[in-house]
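Peer 1: Letter by letter, the chains look like this.
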Amino acid sequence: MSTYVYGITAATHPSLPEGTGGVGDPPRGVRILKEGDLAAVVSDAPEGLRPKRRELLAHQNVLSEVGAEGCVLPMRFGSVAPDDRAVTGVLAERAEHYAERLGALDGRVEYNVKATHVEEAVLHHVMAQNPEIRALAESNRQAGGGTYETKIQLGEMVAAAVKGKEAEDATALERALEPTADAVSVGPESTGWLANVSFLVKREVADDFLEAVERARGEMPHLEVRVNGPLPPYSFVEPGPAEPAGTAAGGADAGAG
Amino acid sequence: MTVVPAQQSGGGGGSSGLYDVLELVLDRGLVIDAFVRVSLVGIEILKIDVRVVVASVDTYLRFAEACNRLDLEAGPRKDPGLPDLVGEMTESGARGKSKGALSGAAETISDAFKQARDDGGSEREPQSRPRARKAAPSRRKEEQE
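Protein sequence lines, in the order shown, are assigned to chains A and B. In terms of the working numbering, the first sequence opens at residue 1 and continues consecutively. In terms of the working numbering, the second sequence opens at residue 1 and continues consecutively.
Okay, chain B solo, but in the shape it has when bound (with noise of 0.2 Å):
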């Protein structure tokens, strides 16, 4: 049906990764003032929910927690050497656990869709987390944990 090689399929394969694309549906796209636009009040609320608060004594407190484990996970190292650490990064900082703020906030967005759904009553339901999955290999372990 298509003819570009890609994770999503051009034609009719809408149904993954809809949340990834959430919001160039409802924010960009063609406006035409002769027509009016259906309430987004929904919407709205989710969009809030997505944001990530970096500046907030939660935040804070979390990544100082983080920052603890993290240092005790590498040892006791007083002064660590710059190459060291980037070495122990990439070995197991991309696949630890790394939920939080940062990551956390396309949970925010599943949820809440599912929270729309369940709203939304008997509605077919196609799997996003498979499909974002495949668009991003390195968020595999996150999603199993």
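The shape of chain A in the complex, shown without the other chains (with noise of 0.2 Å):
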């Protein structure tokens, strides 16, 4: 029986959901395995595992809940081990390397940005500082909407303005939320959003993050600005260019309710 993962915490973590509903259909329960100082969170694997929303969910799940206690290193969705001895075996040869990555996140939680234009006032904005542009709409309405080449070639001016004007609001927006993170880590861009950031936080500063999103959208209101969170730190399981040193300080400042 093959054994899926859902994450890595410590053995101390002070309530590991054992026996909570995993993945599968009927969901399989939750179990702990522990190696040394480390435990992984584990169940069966159903036969046939597929990304469908019901799994995911059932993957979310179960690490919002680890997470809420204490520190957890979420696994990406769909990992499979042989089974439970292969499991422990990796706890047991990189021991080190994943105690130090949970002390480093220890108290610190996920926020996720993401942020669109809202498209009518960006527009209102591109045509606002740009002449060139104004000009060309100006004409095309006045010949009735404009021939089908001057029609492209406003939309190809609008549409690069609208580009640079994206790059320009995502550098605002982290520069504006960055200053309470820990962390930043700068999602794929090919994922439809102008900005997809995530953001590391401590726990004890989540309120002062999340007034900064607010302040952020009250100044750019051509901004449309979802945040997800608090979340496992899934952006920062791995230690990258963005993350700071010094980040192993801290310990157990959330207290953990």
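Do not take every clue at face value.
Partial pick of chain A residues on the chain B-facing surface, computed with a CB cut under 7 Å [as the list claims (entries may be wrong)]:
| id | residue |
| --- | --- |
| 1 | Pro74 |
| 2 | Ser79 |
| 3 | Leu123 |
| 4 | Ser235 |
Computed Cβ-Cβ distance ranges for the label pairs, DEER-style [unchecked claim]:
| id | chain 1 | residue 1 | chain 2 | residue 2 | range |
| --- | --- | --- | --- | --- | --- |
| 5 | B | Ser56 | A | Gly36 | 52 to 60 Å |
| 6 | B | Val31 | A | Glu168 | 29 to 37 Å |
| 7 | B | Asp58 | A | Pro26 | 44 to 52 Å |
Since the hints were derived computationally from the structure, they do not count as laboratory data. It should be emphasised that the depicted structure is a prediction, and the values quoted were computed from it without experimental measurement. Even glycine gets a Cβ: it sits at the ideal position worked out from N, Cα and C.
Once you've looked at the hints, go ahead and assemble the two chains, each given alone in its own frame, into the complex.
Peer 2: In structure tokens form, the structure reads like this:
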């Protein structure tokens, strides 16, 4: 029986969700595999597991339950080990690395921020700032909409200007939010948001972070800003270039309620 | 259950906003070489769907139309002053009808998700929309349309 792995945490984690429903239909019960100072949160892996909504939810639910009470290194969805022993083997082999990561991320959660333009608002911006676009739009309008070619020409200019504005706003948003974060991880560009940025935030300053989001919303009303969190630190499990030095401090500062 | 007040509860509230969290769950998180990953074939398609193709003829035409509409709504103003326009923007722009390539992305995801869900047969169906709304007040109007 292969083993589905949700995440890695400290063996001393105060409330491991043993028995919680995990992936599969019916949901497979969550089990805990301990090895030294570490514990893996696992369940049996159902046959033919696919990335369906309910499975993704189950994965995220188990992790948010673990993450609510203590630090967890979340696995990417769909990680399956041949058996339990393979899991404990990995824990033993890389114990030091995982312990270091758990220490670095302790008391911290991830907030993911996605932003899109409110289209009409950004078009107003673009028109207001670009006389050339304004002139062409005007002449098209007077010509009853313009020819196919002039429409394309206008659209192309607008698209370029909107793209420029996207980059500008993404930077502005990131700048506005990063002061309250310990680390920043910029997500892939290809997913259809002008900004898709994750912030690693200490639990005790989560309110400050959310206030910064509100301020940013107020200052940039042409952006639609969506925040998701607190989440397990999906984007910060591996030390990356965005990680500042000295994150190992902190300890059990969140107190975990 | 959770000590952090936020839009999404830390414990068990994961049903919310899943499609925003989706790519984190799928693309980030720890990967261990010794483990295999389940096939994400359906998800790859979803990711391509999500892309906003700004550089396409369709987009150009749509932008051109949008600019025409914009002008008509704003009145025949040949040389609109900057402050004027910006004022209008905050007033009417933010709550205007702004569906299209830009905001359409989110819908593409939810559609794709719906598909995946239907595909999955009798699955429980947590609401993702209301939660997304809660997280982004400026979206409210848009979603009612």
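Peer 1: Evaluate each hint against the coordinates.
Peer 2: Results of checking the hints against the structure:
For the restraint placing proline 74 (chain A) at the interface with chain B, the shortest Cβ-Cβ distance is roughly 5 Å, inside the 7 Å limit, so the hint holds. With a cut of 7 Å, the hint placing serine 79 (chain A) at the interface with chain B holds, because the nearest CB-to-CB distance is about 5 Å. At its closest, the beta carbon of leucine 123 (chain A) sits 6 Å from a beta carbon of chain B; the interface hint therefore holds under the 7 Å criterion. Annotation: interface hint on serine 235 (chain A) holds; nearest CB of chain B at approximately 5 Å, less than 7 Å.
As the Cβ distance of serine 56 (chain B) to glycine 36 (chain A) is approximately 54 Å, the hint placing it in 52 to 60 Å holds. Take valine 31 (chain B) and glutamate 168 (chain A): their Cβ atoms lie about 33 Å apart, and the range 29 to 37 Å holds. In this structure the supplied range 44 to 52 Å holds for aspartate 58 (chain B) paired with proline 26 (chain A), their Cβ-Cβ distance being about 45 Å.
Hint compliance for this structure: every hint is met.
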